[in-house]
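Chain order of the listed sequences is A and B.
For the first sequence, the numbering used here gives the first residue as 657, with consecutive numbering after it.
For the second sequence, the numbering used here gives the first residue as 114, with consecutive numbering after it.
The hints are simulated quantities; they were obtained by calculation from the structure and are not laboratory data.
One thing to keep in mind: the hints can contain errors.
A few chain A residues that don't get close to chain B, going by computed Cβ distances all over 12 Å [as the list claims (entries may be wrong)]:
id : residue
1  : Arg694
2  : Phe707
3  : Asp724
4  : Ile966
5  : Gly975
Distance condition first, Cα-Cα at most 30 Å in a straight line; then the derived DSSO-like pairs of lysine-lysine [said to hold, decoys possible]:
id : chain 1 : residue 1 : chain 2 : residue 2
6  : B       : Lys278    : B       : Lys165
7  : B       : Lys191    : A       : Lys810
8  : A       : Lys765    : A       : Lys810
9  : A       : Lys984    : B       : Lys165
Just so it is clear, the structure is predicted and the values come from calculations on it, not from any experiment.
Note that beta-carbon positions come from the ideal geometry of N, C-alpha and C, so glycine has one too.
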Amino acid sequence: MRRRALLAAALLAALLATVAATDARAADPYRVYLVAWRGWEDACQGFKDYFTAEGIPIEVIFRDAGRDKSKLPLFVAEAKALDVDLVVTWGTSVTLGMLGTHDGTDPAKHITDIPSVFMIVSQPVGAKVVPDFTSSGRNVAGTSYLVSEATQLKVARSYRPFDRLAVIYNPLEKNSVLNVTRLERLADSEGFELLARPVPVDAEGKPDAEALPGLVAEVAAAGAQWLYQGPDSFLNVNRDVLTGEAVRHGVPVFAAGENPVRRASALLGVVNRYYMVGQFTAHQAVRILVDKVSPRDLPIASPSRFSLIINMDVAKTLGLYPPINLLKFAEVIPARN
Amino acid sequence: MAEATHRSSLIGRIRARLFGLAIVLLLVALTAISLYSLSQFEHDLVPEMDRKAAAVGESLAADIVRAVDYGVPPNALKGMGPFLAAGMEGHPEIRYLAVCDGEGAVLYHAGAAVDGVLAHFRAVAAGGAAADGRSVRVDVFYDTAVPITARAGAVGTLHVGVDQKFVQKTLEDIVLDILIVLLVSLLVTFELLLFLITFNISGPIETVTKLMTRVENGDFRHAMESRSKDEVGQFIAAFNDAVGLVHDLYRGMVRRADAYRQATGDELRTARRRMVAALRQLHDRFAFADAPKPAVYRESTLVDVRTPLFIFVFAEELSRSFFPIYVRDLFAPVPYLTPEAVIGLPIALFMLFVAIGTPFAGAWTDRYGNRPVFLWGAGLAVVGFLGTALAFNLYDLMAWRVLTAVGYAMATMACQGYIVAITTAENRARGMAVFVGAIMVAAICGTSIGGVLAERLGFRATFFLSAALALVAAAFVHQVFRRRESGPEAEQPKVTTREVLILLRNPRFAVMMLFGAVPAKLILTGFLFYLTPLFLHELGNSQSDIGRGMMVYFAIMVFGNPLCARLADRFRVRAPLVTAGGVLAGGGALVVLLWHDTAAVIGGIAALGLGHSLSTAPLLAMVPVVCEREVRILGQTMVLGVFRILERIGSVAGPFVTAALAGLFGFAEAMAGLGAIVLGSTVVFTLYFLIAGSAPPRPATRPAG
């Protein structure tokens with residue numbers, strides 16, 4: 657009985673403290689300076705909605721670079737002048753422009769004293785925003801939005817079991833090389849065969865898009881059951897050729913991004929929704945603003961929930977229909993006819 | 114049970130008729146109500162089951178429709194096996210799921226073989242049987258057909274097959290629950306009728322009869338206490354008036370004689386002398402009270418103690434069938450103990466504190482009287498039950514159980530003390546039979562109805578009910594027990610280590626304890642109280658099932674134990690009965706290992722009940738024979754007292770030994786392990802007494818069994 661009374665007293669105290677804290681905050685909302693690369697989109701909305709849902713008042717000062725890097729120094733100066741509580745950056749370009757690299761920060765050109773959080777940076781390590789995922793080592797926190805390779809493979813396996821997986825990648829992109837290294841490690845531990853094919857580099861030192869159909873034909877002949885398209889800029893540009901050729905050879909493509917599924921002929925995409933990433937980033941921001949955790953103590957993490965996108969046209973063409981259990985929580989791009 | 118307290122044939126006949134009639138009427142009424150509700154239930158069960166089957170089917174059909182609408186051809190759906198299997202999960206009554214195309218051919222299927230239902234599938238597809246959400250009995254199933262209709266048109270039908278046996282099993286469960294409620298209602302009615310009739314009618318009439326016999330012999334010292342104004346009360350009042358009148362007349366004569374004492378004159382003196390002589394004659398012939406009024410005569414009956422004891426023990430037994438499961442729900446780790454031992458801990462603690470509390474409770478009863486000790490004990494138990502109902506975790510639960518255990522020891526010892534106080538040496542054995550009988554009947558009722566209650570109301574609510582019942586028992590005692598029972602001094606021997614050591618130096622006594630009495634208690638708490646609820650729960654039985662299963666033990670004991678006691682006395686067979694009992698109890702538990710199922714456990718429980726029926730009384734009867742010399746030194750009561758205390762070591766050790774076995778090997782193996790322990794002990798016990806004989810080696814005065 658007595659313990660129950662004590663418990664009630666403790667709850668009451670906690671409640672009163674919360675009310676008091678909320679009052680104090682309502683009078684003085686956190687000021688967040690949010691810079692986007694191409695306008696207010698889902699990640700920004702998710703970020704803001706999280707604060708609303710949690711009942712934490714913020715004032716968002718929104719700035720859009722409009723894909724123009726030259727605007728970024730102005731934003732740096734403005735954020736410093738306004739003396740905001742937190743800076744949030746969207747995308748690799750904005751992040752590098754505002755926050756610099758982990759080994760090359762200039763207090764004159766970059767934000768250093770204001771705590772910052774980045775989001776929608778596909779390769780935070782590759783882009784040198786952070787030295788590794790455990791800590792930025794500076795006044796910066798952030799989120800990754802890629803789903804881990806192991807999770808992606810698990811989803812692909814539940815769609816179509818495989819023992820031979822192909823990956824075509826641009827050897828000049830560090831991201832892609834790291835990505836393939838991790839796939840090789842998974843091939844060892846999970847016991848499948850990885851057919852990794854780098855795109856040949858032409859005389860000008862650029863990857864040769866003309867070689868793509870040949871590479872696809874080669875892995876198809878080698879019996880690949882899936883072709884994996886990683887977060888590779890070169891392939892993203894050439895996604896139509898890559899996925900189109902794969903379908904022609906009867907090999908399904910699963911991609912680490914939305915575009916190959918939505919705008920080309922990849923069968924399956926395993927991605928994090930920008931909205932969810934925004935929410936997860938807001939969670940990190942709350943840790944810094946409310947819980948007073950230093951940004952350098954926050955590891956770079958990605959949301960635990962992910963989404964799958966299935967292109968039904970491709971499924972029909974290949975005769976590879978998704979298992980019914982996967983259909984239940986996938987976003988399906990319906991067949992056009 | 115009924116004739117235990119009285120022998121008057123008239124009252125016995127009245128009571129037998131009354132009980133007979135009441136029980137028959139009750140039985141007829143309850144059976145009628147039960148049958149009616151059962152038919153209603155049966156009427157509602159199938160549609161209810163159909164609704165559930167249709168709901169499961171519709172949710173699966175919706176997923177299929179979604180896939181088809183996305184463009185997956187119905188005959189090319191992928192992953193249907195795991196999908197349908199997952200749909201059956203959590204619905205044990207659903208035996209198969211089948212997706213059929215427009216012709217009724219099976220496209221996808223999970224669960225039991227549907228060979229016997231194929232024709233029905235085709236008939237549904239052909240429109241012969243409507244898919245209206247109502248089930249059809251086909252083969253051994255109830256088949257519910259759910260149409261699958263996509264945007265582009267009908268795809269086919271999803272069939273959900275429910276086991277006909279499931280319906281039967283559900284109905285059987287309900288029937289058994291109703292029977293339990295019926296049985297318990299009858300037994301409780303019986304207990305209450307016994308109390309009401311004894312307290313209000315047969316008790317007073319019997320007392321009046323006794324007083325009339327005294328009046329017949331000229332004893333006018335007592336009148337009766339009149340408790341009511343009804344016919345019995347008027348009758349008692351009339352009797353009291355008559356006794357009072359005679360008494361008054363006598364007192365009047367005494368007064369007048371006194372008045373004559375002052376008189377002078379010869380005539381008067383002669384008259385006075387005659388009068389005094391007459392008075393002396395009267396006084397010698399008859400007995401009158403010295404007070405102006407006859408003293409109020411009170412008599413206590415065994416029923417006074419039987420009813421509250423029944424209610425109190427009933428309250429404790431309510432949780433018997435689910436207590437270990439409740440403990441597991443509240444589990445909290447205890448350092449150095451395995452989880453199994455932790456679950457056994459509250460049971461062991463309860464046994465320990467009943468054992469420790471009993472001698473203290475006995476001493477308190479001697480000092481303060483039965484009434485306050487029972488009331489305090491019941492009060493402690495009420496607090497203990499409430500605390501158990503509200504327990505936060507294992508730690509406070511154990512504290513509450515200790516409180517309940519001390520309350521239990523106090524209440525039962527107070528009742529025992531009351532019986533000792535109101536009985537004489539000749540009828541004490543019958544008094545104790547009332548005591549044991551009340552406990553056993555309460556165990557039957559409590560265990561079985563406790564399971565039903567736990568299933569319908571939940572564990573915590575059942576403990577609240579226990580608290581309320583303990584309170585009712587206290588109210589009974591408050592009303593019925595005399596403030597101070599005057600009677601023969603309750604002989605509660607004070608057991609000290611000296612007596613224990615004297616007895617243990619007797620090798621026969623030591624063997625009897627270690628290989629007879631202690632293993633018997635060990636298997637009772639270990640097998641029945643600890644393992645049975647947990648194992649039957651794991652085997653998928655409902656709380657009602659578990660309660661019914663455990664009731665078997667008490668039901669066999671309540672009839673078997675007195676029967677075997679009489680047989681043992683008549684034929685003077687003791688050790689062989691103990692052996693037979695041990696073999697039965699141990700063998701029954703061992704056999705559980707062979708089948709690993711519910712029937713085996715129930716069989717084990719029945720064997721345990723039979724075994725203990727056979728061995729309990731003969732074992733106790735062996736004590737005076739085996740300890741002939743010690744009985745002469747310490748007295749029989751003391752020797753039996755030591756026996757009772759020592760055998761409790763088995764009760765306390767039971768949960769721990771069992772927990773160790775269960776932790777290492779599993780539930781069924783632990784049951785078998787206990788069986789092996791009892792069997793092994795029985796072998797040692799038997800061999801020893803075969804070789805050494807029951808009586809000590811000095812010229813035996815009594816033939817040993």
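> For which of the previously enumerated hints does the structure constitute a violation, in increasing order of number?
Replying inline: 4, 5 and 8
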